[in-house]
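Number of protein chains: 2
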Amino acid sequence: MMVLVSYDVSTVDQKGRARLRKVAKACQNYGQRVQNSVFEIDLDYGTFCRVKEKLMQLIDVQKDSLRFYYLGNNWHRRVEHFGAKDTYDPEGALIL
Amino acid sequence: MMVLVSYDVSTVDQKGRARLRKVAKACQNYGQRVQNSVFEIDLDYGTFCRVKEKLMQLIDVQKDSLRFYYLGNNWHRRVEHFGAKDTYDPEGALIL
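Chains as they are written, first to last, in the numbering used here: chain A, 1 to 96; chain B, 1 to 96.
Honestly, the hints are just simulated from the structure, not real lab data. Glycine included, each C-beta is placed from N, C-alpha and C at the ideal position. Since no wrong hints were added, every one of them can be taken at face value.
Non-contacting residues of chain A with respect to chain B, defined by C-beta distances greater than 12 angstroms in every case (computed): (1) Asp-13; (2) Ala-18; (3) Asp-44; (4) Thr-47.
Short derived list, chain B residues pointing at chain A, Cβ under 8 angstroms: (5) Asp-8; (6) Met-56; (7) Asp-64; (8) Arg-67; (9) Lys-85.
In silico lysine-lysine, BS3-like type, Cα no more than 25 angstroms apart, as pairs: (10) Lys-15(A) x Lys-63(A); (11) Lys-85(B) x Lys-22(A); (12) Lys-25(A) x Lys-85(B); (13) Lys-85(B) x Lys-63(A); (14) Lys-25(A) x Lys-54(A).
This is chain A alone, in the form it adopts within the complex (with noise of 0.2 angstroms):
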């Protein structure tokens, strides 16, 4: 299944630098950064479970917004891309 997860970290001090880094280290383990802080993330469901435990416990929650979108299976049908960074499709063909 297809997540989106975004994240807003305040980086006023260097406890929530560090943090953004974490958090983008954790996603970027498991997804593809499609935007600055915005990861697309397929995983089944108890890999995503352990995944979204890690980033609640990286992030300050008085500090720190964390989103999930879950698009679901069919999710390419959900996604529209206009412009630069344009990104590869998890699902599809591999070309070598």
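Since chain A is already given, all that's left is putting chain B on it; use the hints.
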């Protein structure tokens, strides 16, 4: 129908910073900012097409990125939020 609009606008020059302000303003006129460059826009299809057209004219397709995620009408069950900056439900009860 609810559409998530997220954008990355290149701000390396003054033109880019002006584009960013215009894109943000256009989104703000029609929807709710949920994160820095992420908006939830809940409109009928015709009105949304005009907003989309306007946003596409505002960005520089060589430098900026604009993404639309169509969440449909049952969008409430597709969205989870944790942390700061909670949002209001545009379809929820308005208590005066």
